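Visitor: The chain contents come next:
There are 2 protein chains.
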Amino acid sequence: MALVEERKSTTLSMEELTRFIYAHAYSETPLERIREIREKMAKIPELSLTVNRYYDTREQSLKRALLFGNAWVTMIKKEKLNHEELQIAYENSFELTAHIAHITFFVPSLILQADNDQLREWMPLCETMEMVGCYAQTELGHGSDVRGLEIQATYDHLSKSFILHSPTITATKWWIGALGCAANHALVIAQLYINGTCYGPHPFLVPIRDIKTHMPYDGVDVGDIGPKIGFHSNDNGFLRFNNYRIPKKYMLTRFSKINDTGDYEIIDPNSIKILYLSLVRARLFILADAWFPLSSALTIAIRYSIIRKQFADNEKPGTEKKIIDYQIQQNKLFVMLSRLFAFLFVRVPINNMYFKIEKEVTSGKSPSLDILHCLVCLYKVYASSKVLEAIETCRRACGGHGYSMLSGIPSLYTTFLPKVTYDGDNNILSLQVIKYLVSLFHKKSPKEFAYITGAKITPTGDVHSSSFQQQCFMAVAQYKVNRVNKHFQELKTRFTKEKIWNSLLQVEGIEATEPVFHAHIHQCFIDTIDKLPNGTNKDALECLRKIYVASEIEKYSGILMNCGVKYETFETIQQDSVHALSLVRPNALGLIEAFELKDEALHSILGRKDGDVYNQMFQNVKTQNPINKTKVLPGLLDYLRPKI
Amino acid sequence: MALVEERKSTTLSMEELTRFIYAHAYSETPLERIREIREKMAKIPELSLTVNRYYDTREQSLKRALLFGNAWVTMIKKEKLNHEELQIAYENSFELTAHIAHITFFVPSLILQADNDQLREWMPLCETMEMVGCYAQTELGHGSDVRGLEIQATYDHLSKSFILHSPTITATKWWIGALGCAANHALVIAQLYINGTCYGPHPFLVPIRDIKTHMPYDGVDVGDIGPKIGFHSNDNGFLRFNNYRIPKKYMLTRFSKINDTGDYEIIDPNSIKILYLSLVRARLFILADAWFPLSSALTIAIRYSIIRKQFADNEKPGTEKKIIDYQIQQNKLFVMLSRLFAFLFVRVPINNMYFKIEKEVTSGKSPSLDILHCLVCLYKVYASSKVLEAIETCRRACGGHGYSMLSGIPSLYTTFLPKVTYDGDNNILSLQVIKYLVSLFHKKSPKEFAYITGAKITPTGDVHSSSFQQQCFMAVAQYKVNRVNKHFQELKTRFTKEKIWNSLLQVEGIEATEPVFHAHIHQCFIDTIDKLPNGTNKDALECLRKIYVASEIEKYSGILMNCGVKYETFETIQQDSVHALSLVRPNALGLIEAFELKDEALHSILGRKDGDVYNQMFQNVKTQNPINKTKVLPGLLDYLRPKI
Ligand SMILES: Cc1cc2nc3c(=O)[nH]c(=O)nc-3n(C[C@H](O)[C@H](O)[C@H](O)COP(=O)(O)OP(=O)(O)OC[C@H]3O[C@@H](n4cnc5c(N)ncnc54)[C@H](O)[C@@H]3O)c2cc1C
Ligand SMILES: Cc1cc2nc3c(=O)[nH]c(=O)nc-3n(C[C@H](O)[C@H](O)[C@H](O)COP(=O)(O)OP(=O)(O)OC[C@H]3O[C@@H](n4cnc5c(N)ncnc54)[C@H](O)[C@@H]3O)c2cc1C
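Read top to bottom, the protein sequences are chains A and B.
Quick note on numbering: the first sequence equals residues 1 to 644 in the numbering used here.
Quick note on numbering: the second sequence equals residues 1 to 644 in the numbering used here.
Keep in mind that the hints were calculated from the coordinates and are not lab data.
Computed from a prediction, not measured in an experiment: that's the story for all the values here.
The beta carbon of each residue, even a glycine, is placed where N, CA and C say it ideally should be.
Careful, some of the hints might be misleading.
Restricting the straight-line Cα-Cα distance to at most 20 Å, the calculated cross-link-like pairs of lysine to any residue (SDA-like) are [to be verified]:
no.: 1; chain 1: B; residue 1: K63; chain 2: B; residue 2: K80
no.: 2; chain 1: B; residue 1: K629; chain 2: B; residue 2: P642
no.: 3; chain 1: A; residue 1: K631; chain 2: B; residue 2: V220
no.: 4; chain 1: B; residue 1: K321; chain 2: A; residue 2: F495
no.: 5; chain 1: A; residue 1: K499; chain 2: B; residue 2: Q87
no.: 6; chain 1: B; residue 1: K212; chain 2: A; residue 2: L637
no.: 7; chain 1: A; residue 1: K316; chain 2: B; residue 2: E265
no.: 8; chain 1: B; residue 1: K248; chain 2: B; residue 2: Y276
no.: 9; chain 1: B; residue 1: K322; chain 2: A; residue 2: T138
no.: 10; chain 1: A; residue 1: K486; chain 2: B; residue 2: E571
no.: 11; chain 1: A; residue 1: K322; chain 2: B; residue 2: Y436
no.: 12; chain 1: A; residue 1: K78; chain 2: B; residue 2: R641
no.: 13; chain 1: A; residue 1: K486; chain 2: A; residue 2: S439
no.: 14; chain 1: B; residue 1: K248; chain 2: B; residue 2: T261
no.: 15; chain 1: B; residue 1: K322; chain 2: A; residue 2: T496
no.: 16; chain 1: B; residue 1: K598; chain 2: B; residue 2: A2
Partner residues aside, some chain B positions facing chain A, computed with beta carbon under 8 Å [to be verified]:
no.: 17; residue: V73
no.: 18; residue: K77
no.: 19; residue: N314
no.: 20; residue: G400
no.: 21; residue: N427
no.: 22; residue: F495
no.: 23; residue: K499
no.: 24; residue: N562
no.: 25; residue: F570
no.: 26; residue: K622
no.: 27; residue: P642
With the sequences and hints as input, model every part of the structure.
Guide: Quick look at the structure:
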């Protein structure tokens with residue numbers, strides 16, 4: 001009811017907004033096709049997960065994931081989905097299950113690192129999933145530091161084979177997705193030894209379980225690493241080798257190989273760029289991946305905030321106030337809504353940059369990857385941390401019910417959580433960003449960062465304008481990075497670079513990256529809105545932009561005053577934002593429903609499209625909760641009363 | 001090894017520090033007694049939970065909790081623990097299980113609300129736990145707004161009984177701890193109806209399950225509300241009544257009753273203060289409760305950061321660097337360590353205030369509860385949100401392994417998580433705080449907040465000093481609250497109070513509470529350190545104070561510059577903090593191990609006292625993980641390969 005009314009009263013042009021959104025989410029796929037794929041998926045029972053999965057035990061969860069994965073692969077093959085369509089089909093999968101990991105991570109890694117002969121042999125097996133793979137890099141003792149890996153692949157020229165061995169407990173591969181139960185092959189990164197010399201980490205495709213029986217081979221110790229805060233449906237696994245032999249052909253030889261005389265040979269010294277690019281691509285995926293869980297959390301929280309009423313509304317006696325009508329609730333939700341659009345709008349520019357460079361690399365050129373790498377790290381860091389915070393804000397905005405798995409938000413949170421850690425720990429990536437930015441003071445800056453090393457910015461113009469506000473972010477970024485550079489130059493006369501970046505400038509350096517991120521994302525926000533025709537859609541997004549700015553700028557007020565901005569400016573920006581909240585309010589539901597997320601993808605009772613929250617909550621708990629199968633919990637009376 | 005060396009090299013006076021800490025954690029209990037209770041608990045197998053509990057299914061988890069609770073109650077009765085000792089014994093319980101909830105929440109609520117005759121009848125049953133109770137206030141439709149509760153208790157004078165009824169789905173009691181399986185009685189808050197008139201929410205003790213068989217009575221629909229992000233071992237439950245009759249004696253009649261002629265009667269109009277005080281007490285408990293999970297998370301993260309090495313240390317060739325030696329890791333952990341001490345030090349002053357007022361109330365006086373209520377709300381809000389953030393920071397500081405339940409940190413997080421919501425949603429409490437603070441402009445401020453309505457503060461003195469820094473927090477608090485007051489006075493001429501606090505000033509008002517919190521907690525920090533004799537302990541804590549200030553002050557730099565502080569001041573404070581990190585580093589382990597948390601209370605492999613992290617992780621997963629019981633997950637091969 002409440003939802004139906006709100007839908008009617010929106011002033012947005014919904015279809016136009018949806019088109020606009022999806023032009024940014026999936027730039028190659030028309031909206032009709034996106035809708036078609038989602039419809040199809042919603043009709044396949046194994047793919048339409050319901051909230052009932054939240055009752056699963058770990059083992060049930062693993063099984064459900066396999067069933068899901070199986071149906072998923074069947075669908076994408078049957079429908080012959082292309083790369084981007086695959087991403088659409090991946091949206092409403094719940095976690096990175098074995099099949100998905102195989103197709104989206106393992107196979108691309110293999111394609112990248114294997115040579116053509118190897119691919120000719122293995123790709124058909126990957127296609128049928130007779131070969132199920134996983135990417136095994138991290139060990140119990142080393143994650144961030146890949147050079148520190150301990151697992152050994154020792155070449156034996158006599159038998160033309162490698163002996164794989166895990167010399168210590170810390171050498172145990174750990175955390176490897178899909179390894180615990182599902183994979184029968186692992187792309188193992190191991191230290192290559194030839195004649196007693198170590199050549200550093202290299203990739204091997206290692207058969208670990210029998211393709212037919214799935215039994216682990218002798219010399220292979222493999223299993224699941226146990227309970228986690230999320231990712232219950234993924235069998236993150238461990239792997240140890242005890243002098244386990246594999247034929248020479250299993251070394252992945254696109255970049256380097258062992259030649260017929262048994263010597264190490266680098267095939268293409270420039271090819272390292274390709275490897276590097278694949279890392280960049282994995283991180284780009286986190287950005288690509290961010291809008292979906294955040295739009296899910298917001299769909300749930302905004303819908304529920306319209307349905308939920310709390311406290312008598314003395315302005316309309318006899319009624320209760322919808323919680324979305326409280327200013328603080330609006331502030332929480334609309335700040336996060338503005339973040340959602342910000343992260344969405346940045347995708348096209350970054351993707352374009354990536355594809356341009358990828359094209360150059362694959363056509364044999366050798367462009368600089370630095371700026372791309374820097375931006376992608378920046379977005380990996382802030383997309384992961386800021387989206388997490390946003391999901392949690394949505395969860396809290398649902399009050400007590402947000403703590404129930406049935407709300408759908410906790411699992412969005414725990415699934416997204418490891419992104420701050422994997423594909424490059426956020427601290428380590430931030431450090432790479434600031435090191436790069438500091439290096440710009442000694443070479444020509446790319447246009448994206450020219451302002452950092454350029455003339456001092458003193459924000460001018462109308463304080464209400466996006467241009468003034470953009471100058472503010474840039475001024476802060478400039479100030480902070482310049483200060484880091486100044487300190488770096490001072491310290492360099494006395495300390496090694498290593499000492500400086502490990503022990504003296506890490507805190508200041510990492511802190512300087514956040515305004516750089518804001519300056520970039522806010523510019524994309526401006527540019528994207530600019531392209532819209534005038535109208536209510538544009539107005540609504542401009543309101544969100546103002547809300548975004550207000551939520552991120554005040555913490556920099558000191559620096560900005562140092563750059564000549566008056567304190568009252570922040571009060572003005574704050575007032576603009578508060579005013580914008582009331583303008584966004586009537587269109588809040590429209591702004592999030594323009595994403596058209598389906599119930600089948602939300603797995604949430606609070607976020608149901610029909611708004612039937614309370615009935616369904618009660619019915620679900622009555623009929624699905626295994627704890628309620630018996631009237632008295634078996635054994636309970638034996639433990640309830642202390643025997644004293 | 002690494003831990004042993006660090007322990008040897010600390011410059012702290014450990015025993016003295018421990019005494020100092022526990023004088024703040026448990027002001028009435030000598031350290032020897034605390035150690036004794038912990039020792040005793042560690043020896044009782046059911047109470048010494050191990051990490052193996054993280055493998056439990058929901059049902060196993062409920063059973064383990066009952067076993068735990070049973071042993072716990074047996075112990076506290078056998079040892080005749082007093083009130084504070086009970087809190088010590090409650091530390092290393094994992095969640096608020098049924099037995100603990102019965103003793104720490106239900107029984108005190110009953111004592112508060114029942115009259116003496118009622119208590120004479122029921123207390124013996126509570127003691128033996130023949131009566132197991134829960135506190136049932138929240139409904140599916142109403143939590144924050146207690147007046148909006150729907151469940152009805154209609155008095156029938158003829159039969160001298162109440163008819164309990166849940167007229168709608170939203171009237172279903174929901175979220176009630178220990179109700180789902182364990183409780184046989186519920187302290188139900190229901191709307192009292194007499195002769196068609198509603199008298200508002202009143203408390204009833206309702207028998208819901210048979211004491212002997214534990215079967216729910218006819219007319220009672222009760223069960224568990226299903227999966228949650230944490231609290232797996234608690235049977236949060238739902239409850240509905242279908243015209244269920246209970247005798248009149250079950251209305252709790254300390255504050256009001258129905259007299260012999262069937263009329264409503266208030267017993268003691270002043271007694272509402274007692275009820276109010278009980279709310280305050282529950283919130284105080286969240287503060288009391290905060291240091292333990294945070295010290296647990298920090299024990300785990302600091303120990304692990306000393307054991308964990310990552311990246312070659314080129315300054316000492318052939319070795320790897322301990323992650324605790326990276327500046328950013330220090331910043332993360334030591335900021336949170338400073339927070340831990342801050343929250344610890346504030347307990348004595350707040351407790352003293354509480355006990356003084358409690359004494360006055362129970363001795364018949366009628367002191368003002370306002371200032372206590374305000375401070376307790378403030379601390380409830382910030383103890384819950386800031387400690388949560390701190391626990392999560394510790395988790396991320398452990399890299400990938402922090403995502404494993406076996407690290408012990410995820411369950412600390414999810415158990416603490418609902419505290420932002422229950423015992424008063426944080427937003428609503430913040431609103432009460434700011435309303436109270438604004439009211440001070442029209443009456444005499446209590447000494448704690450006199451500065452807010454007093455003369456304008458312009459921080460002066462040595463910027464390195466605690467006194468200057470305290471003036472800064474006070475200046476910000478003063479500025480922000482005054483601004484809210486100014487806006488409030490302006491708006492009051494045009495709008496109703498309700499409109500102002502719901503729709504116009506909520507955001508600004510709630511934001512103004514944080515600096516008030518900092519000003520108060522930082523003053524306690526200063527006062528507490530002052531009492532220490534000069535020496536390394538005092539020096540270390542003074543370093544932590546500096547780190548605390550730096551971590552919280554920069555966001556206010558704009559306001560402070562507006563109050564006359566120079567921008568360079570913040571750079572100085574930042575530099576002091578960075579310097580303090582390096583001074584704290586050698587004593588980091590000592591500072592947290594002075595809390596003397598036992599392995600039996602940590603439930604963590606990363607945080608083991610013996611530092612045997614990697615072996616134990618591997619062994620545990622090999623031997624305890626049920627998924628590894630079979631070499632091939634049953635049914636796996638049926639689902640692995642898509643059939644196309
Ligand atoms: C759910 C999940 C799935 C995963 N899936 C896979 C997979 O499929 N395949 C795979 O190979 N791996 C996988 N991983 C592992 C993941 O890639 C690593 O956890 C990640 O690389 C971080 O490494 P680490 O855990 O060793 O952290 P560490 O490097 O040990 O970091 C611990 C702490 O030290 C800090 N630190 C470390 N070095 C520095 C430095 N130089 N300066 C400052 N601070 C520093 C970090 O910031 C962090 O706070 C997965 C992990 C998770 C949680
Ligand atoms: C783990 C857990 C255990 C619990 N145990 C118990 C128990 O044993 N017994 C019991 O009785 N209850 C229990 N509860 C319920 C708990 O007390 C309520 O969840 C809590 O009071 C919040 O109420 P709500 O859920 O109705 O949130 P709501 O009041 O619906 O809040 C939802 C959102 O609306 C916002 N909002 C509401 N009103 C306003 C306003 N006036 N101004 C601005 N914003 C507003 C809130 O800030 C929040 O963001 C438990 C809850 C949990 C999660």
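Visitor: Each hint: holds or not?
Guide: Verification of the hints:
1. Between the alpha carbons of K63 (chain B) and K80 (chain B) the distance comes to roughly 25 Å, so the proposed pair goes past 20 Å and is violated.
2. Between K629 (chain B) and P642 (chain B), the direct Cα distance comes to roughly 26 Å. Violation of the 20 Å bound is thereby established for this hinted pair.
3. Distance check on the hinted pair: K631 (chain A) and V220 (chain B) sit about 12 Å apart at the alpha-carbon level, within 20 Å; holds.
4. For the suggested pair K321 (chain B) and F495 (chain A), the alpha carbons sit about 17 Å apart, so the restraint of at most 20 Å is met.
5. The straight-line distance between the Cα atoms of K499 (chain A) and Q87 (chain B) is roughly 46 Å, outside the 20 Å bound, and the hint therefore fails.
6. Between the alpha carbons of K212 (chain B) and L637 (chain A) the distance comes to roughly 9 Å, so the proposed pair stays at or under 20 Å and holds.
7. As the CA atoms of K316 (chain A) and E265 (chain B) are separated by approximately 32 Å, the hinted pair breaks the 20 Å bound.
8. Proximity of K248 (chain B) to Y276 (chain B) is assessed by CA-CA distance (about 25 Å); at most 20 Å being required, the pair is judged violated.
9. Taken as a hint, the K322 (chain B) and T138 (chain A) pair is honoured in the structure, with Cα atoms around 18 Å apart against an allowance of 20 Å.
10. Taken as a hint, the K486 (chain A) and E571 (chain B) pair is honoured in the structure, with Cα atoms around 14 Å apart against an allowance of 20 Å.
11. For the hint pairing K322 (chain A) with Y436 (chain B), the CA-to-CA distance comes to about 25 Å; that exceeds 20 Å, so the pair is violated.
12. Among the hinted pairs, K78 (chain A) with R641 (chain B) is consistent with the structure: their alpha-carbon atoms are about 14 Å apart, no more than 20 Å.
13. Among the hinted pairs, K486 (chain A) with S439 (chain A) is consistent with the structure: their alpha-carbon atoms are about 12 Å apart, no more than 20 Å.
14. Distance restraint check for K248 (chain B) and T261 (chain B): the Cα-Cα separation of roughly 13 Å lies within the 20 Å cut-off, and the hinted pair is therefore satisfied.
15. With a C-alpha separation of about 18 Å, the suggested pair K322 (chain B) and T496 (chain A) falls inside the 20 Å cut-off, and the hint holds.
16. With a C-alpha separation of about 19 Å, the suggested pairing of K598 (chain B) with A2 (chain B) holds against the 20 Å cut-off.
17. Given the 8 Å rule on beta carbons, the hint for V73 (chain B) holds: about 4 Å separates it from the nearest Cβ of chain A.
18. For K77 (chain B), the shortest C-beta to C-beta distance to chain A is roughly 5 Å, which falls under 8 Å, so the interface hint holds.
19. Interface hint status for N314 (chain B): upheld, as the beta-carbon distance to the closest one in chain A is roughly 5 Å, under 8 Å.
20. Because the closest C-beta pair between G400 (chain B) and chain A is about 5 Å apart, less than 8 Å, the hint holds.
21. This hint holds: N427 (chain B) has a C-beta 5 Å from the nearest C-beta of chain A, less than the 8 Å allowed.
22. Hint status for F495 (chain B): violated, given a least beta-carbon distance of 10 Å to chain A, over 8 Å.
23. With 8 Å as the threshold, the beta carbon of K499 (chain B) comes within range of chain A, its nearest partner Cβ sitting at about 7 Å, so the hint holds.
24. Interface hint at N562 (chain B): satisfied, since its Cβ lies 4 Å from the closest Cβ of chain A, which is below the 8 Å cut-off.
25. The beta carbon of F570 (chain B) comes within 6 Å of a beta carbon in chain A, closer than 8 Å, and the hint placing it at the interface holds.
26. With 8 Å as the threshold, the beta carbon of K622 (chain B) comes within range of chain A, its nearest partner Cβ sitting at about 7 Å, so the hint holds.
27. For the restraint placing P642 (chain B) at the interface with chain A, the shortest Cβ-Cβ distance is roughly 4 Å, inside the 8 Å limit, so the hint holds.
The structure shown violates the earlier hints numbered 1, 2, 5, 7, 8, 11 and 22.
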